[in-house]
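With the hints as a guide, bring the two chains together.
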Amino acid sequence: MLGDPAVALTILVLSFFVGFEVISKVPPLLHTPLMSGSNAISGITIVGALLAAGSEERTLSTVLGFIAIVVATINVIGGFVVTHRMLAMFKQKPDRS
Amino acid sequence: MSDSLIPLAYLAAAVLFILGLHNLSSPRTAPRGNTLAAVGMLIAVVATLLVEEIVDYTVILAGVVVGSTIGVVLALRIQMTAMPQMVALLNGFGGAASALVASAELLGYARRGESPEGVVPIAIVLGVLIGGMTFTGSLIAFAKLQELLGGAPITYRGQQVVNAMLGLGALGLGVGVALHPLDLNLFTGLVITALALGVLTVIPIGGADMPVVISLLNAYSGLAACATGFVLGNSGLVISGSLVGASGIILTKIMCDAMNRSLANVLFSAFGSVTQSPGSPGAEDRGTVTGYTPEDAAIIFSNARSAIVVPGYGMAVAQAQHAVRSLVDELELRGVRVKYAIHPVAGRMPGHMNVLLAEAKVPYEQLVEMDEINPEFPETDVALVIGANDVVNPDALTAKESPLYGMPILDVGRSTYVFVLKRSMNPGFAGVQNPLFYNDNTMMIFGDAKATVMKMVEAVRAYS
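Top line first, the protein sequences correspond to chains A and B.
660 is the number of the first residue of the first sequence in my numbering; add one for each residue after it.
933 is the number of the first residue of the second sequence in my numbering; add one for each residue after it.
A portion of the hints provided could be inaccurate.
[Said to hold, decoys possible] Straight-line alpha carbon distances no greater than 30 Å define the calculated BS3-like cross-link-like pairs of lysine-lysine that follow:
1) Lys-684(A) / Lys-1293(B)
2) Lys-1332(B) / Lys-752(A)
3) Lys-752(A) / Lys-1387(B)
4) Lys-750(A) / Lys-1332(B)
5) Lys-1332(B) / Lys-684(A)
6) Lys-750(A) / Lys-1382(B)
[As the list claims (entries may be wrong)] To give a feel for the contact side, a few chain B residues facing chain A, derived at Cβ under 8 Å:
7) Val-998
8) Gln-1091
9) Gln-1092
10) Asn-1095
11) Leu-1183
[Unchecked claim] What follows is a list of derived Cβ distance ranges for each label pair:
12) Gly-1223(B) / Ala-747(A): 34 to 42 Å
13) Val-987(B) / Pro-753(A): 32 to 40 Å
14) Phe-676(A) / Val-997(B): 34 to 42 Å
15) Asn-1235(B) / Pro-753(A): 20 to 28 Å
16) Leu-719(A) / Val-1093(B): 32 to 40 Å
17) Phe-676(A) / Ala-1196(B): 24 to 32 Å
18) Lys-750(A) / Ala-1014(B): 44 to 52 Å
19) Phe-676(A) / Pro-939(B): 16 to 24 Å
20) Pro-753(A) / Asp-1380(B): 25 to 33 Å
21) Pro-753(A) / Gly-1379(B): 27 to 35 Å
22) Lys-750(A) / Gly-1099(B): 40 to 48 Å
23) Phe-676(A) / Leu-1080(B): 34 to 42 Å
Bear in mind the hints are in silico, worked out from the structure with no lab data behind them.
Because the structure is a prediction, the values reported are computed rather than measured.
Here a beta-carbon is modelled for each residue, glycine too, at the ideal position from N, C-alpha and C.
Chain B on its own, in the form it takes in the complex (with noise of 0.2 Å):
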């Protein structure tokens, strides 16, 4: 193929991920977005390997036999409570590419004796940077949600100084690269300083706040790719980083807005890390909690017209979906109308709890937003609570003292009843008590999510 013909190539794949993102918008379209997104791939990989310089074929099907292989078998075996596991260690190696093939780059120049030129050397210093960071982090992250490492924020005394000297070493030495690039130590100095500031800054996030964590590494793996793409001087990595940079960057806004914390708050403050005293002040006075059975619930559910459910991460820790499907699959043989409410961090990654549901056969038109469904809480007869806590806190709405104020939740209490399914007392994430529980109209039942509903279909069975 003659080579002018190649940036064609790349803008052939560049319009089909717009046109496959842009197919994302509805779940009916999507799976063909997905596919124009490969085809676009495979039409740049093969351009690609059309290219003049590419003259020695076998260590390149090596990589990709390899690649493949542990990707199909990755992607073919992840359970979909562990997606965001999976997308965590794929935003790290699109990052680990990203910074490899810059560094490839740099060290071709530095064989040639050439200096790069221009942009070049910021471009390689950003790709390797970028890239470096978000290989470490996304590990680190990934550890923290496949809990080999505890969820808990890991913190020391003086940890910001270190993260801010570290910083400013990676400055220091991306200046450094920039104006001598030819100086390999200069340049391992600053590979090594990107991957533990990878490490480093992500230690200190706790693990409720990974949905943060992932959409910003999101974005850095498309930035890093369009750092390369400044690098090799070619406009599909341009084009395409870009694209998933954008999409890094909103996933991010949405994440930081459905907790109302800022970016910088979820990165510094390592929230979770130390329990607020459990309760504002005359938490006890509130009166005391009965606890009440699934055949309780069974009663009220079988006699009501309407039903909104309220998952949270806590139904997808007792994998309860599958169970919560035949709950509402009998509440709707007798009539009742049910739906679900989906808050936006309800799960460990955007999006998460629609995709565990629509894995338990859930239509998706049963799946609604927050905003959606907050006006239908008042004309609705029951809201079931499984395993959310911090999301239904009314205090987030009126408690001015409260670490939740502020934050949008769903607001079940106005619905005429309330069941909430708990394993106890205690305080959720944010470590702070729910006056939700103590309300008229809220009634607990204690245990495990997945035994409990179990027990109310059958309880539904029995009577009627």
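For reference, chain A alone in the conformation it holds in the complex (with noise of 0.2 Å):
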């Protein structure tokens, strides 16, 4: 898909720009679950993981995909899940006129 790794390479220097110019903008009050959504984001690994379990033969290689997988798994599930659970409970003052 990145045959030429210039090209993969340049992808990943403005990805880095782009993060730091949206991350910098996210006040300390979310830092917590700017953590933990990102975590889950990092989860993108699950992806190659598929790739490495899914393939036609049964090796030493479908092992290790299944056990990358599950990890991969519980780091974007939980990371989005306690993501949400932390962010519901951010809430402004009622109005107590």
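Okay, structure coming up:
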């Protein structure tokens, strides 16, 4: 998919800049959900795990792929769910008038 | 699905991740941001399942079911005070997944007798090295935060030498694997070294430095995903990995700045292992500290116009946050304006204190950052410091010989009165005395924070 390493490197560098721009705007108030949420995003490795576990032959790679799927899924599902739980707690002051 | 459409699916996922993080800029839009990111992940996973090479779905299904079950149970049952452990564990799993995928790829090449080309061998080395270190380092961070291991730094003679040798060994093995990717002995050596490095580099770091460690491991887990992206030639992994890497790096820097320490100092100095001689010279001459009662505090708070609560990790340990919120409710009913001052390292991970107070139903407008609230202390009638010590130590501003010198603090001493709730006169994490406690306008109340605050609530109710 990324034949040329230079293309991958370009994507890498530009993504870092986007990341710095976007994340420096997240207020300290939300830094914990930011961590758990970005953690869930880093579970994108699940994509590689699916490829490793789902190929034709069953080998040691399949076993590693299976373990990778389990831990990556914990990361993704656990991360998004716990972030949701936290964000639901942040409430504005109810009107007391 | 045609394989040419799959990169487009990854692009869609990446866009949704970026939009999701963008929405985290405000607590109002943040839940939507989390949903967008989750949808992005779903798109990436579904698109991958449609790839032609995937023919066997049974292993996948089993893995997803097991992982989802564990993930949901963990996420729904974890206490908010234990969030740092949870995030450490998730970081570790992310790192493990990246290392496993990179390893599986290498084994695939070896089985086919093909040698990986171009940047792939280097990416495999980085994926295994960073991912493996993230995994074991996070497990140690988890064990320290969960108090399975003592929070104190674990040190031994020659530790830095051992770690340096191990680092060099990892470098050597990495070069070896990159040059001879199909030599599985070298590869096994690299895996073992990476796992050992994770353990040995985190054990000398003290419990109170965990905010930095977790942030750094967060960055590592992103970088490991990035490396794995290069192994697979997958743009989705490269983009998402760099976003997470950037996030971890920013948070690491914020945490280091908030303690006025360099990253190298946090990682290598085993801070907190040697207790400095308690108190700068002449600590005894600073006068005596008189204990006050919750009833004394209730009178002053009830008559104040404005108050600022300064919560520290001690408040969370005492589980006093709900009691504190009750106290603030009572005071607001009596016309006192109350805010909370949040130091960046109040808690065991970035932003932790905000989550603990949000859980106690404190409206988020009342949670004010350090830089924003510091100018307000001189106009504040009374400050209430609960379980915080080093982050309110004025020596950090004035005493050049103090180990805390240069660390940004909450300047509570400038308010008219200061109440400090504390278990005893023991020094804080940095092992230094706090001159704030000896100020004329400071009043100490000793005892368990939760019990004290509850007594204050009763006394406020009885007073008026």
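Hints numbered earlier in the text: which of these fail when held up against the supplied structure? 2, 4, 5, 8, 9, 10, 13, 18
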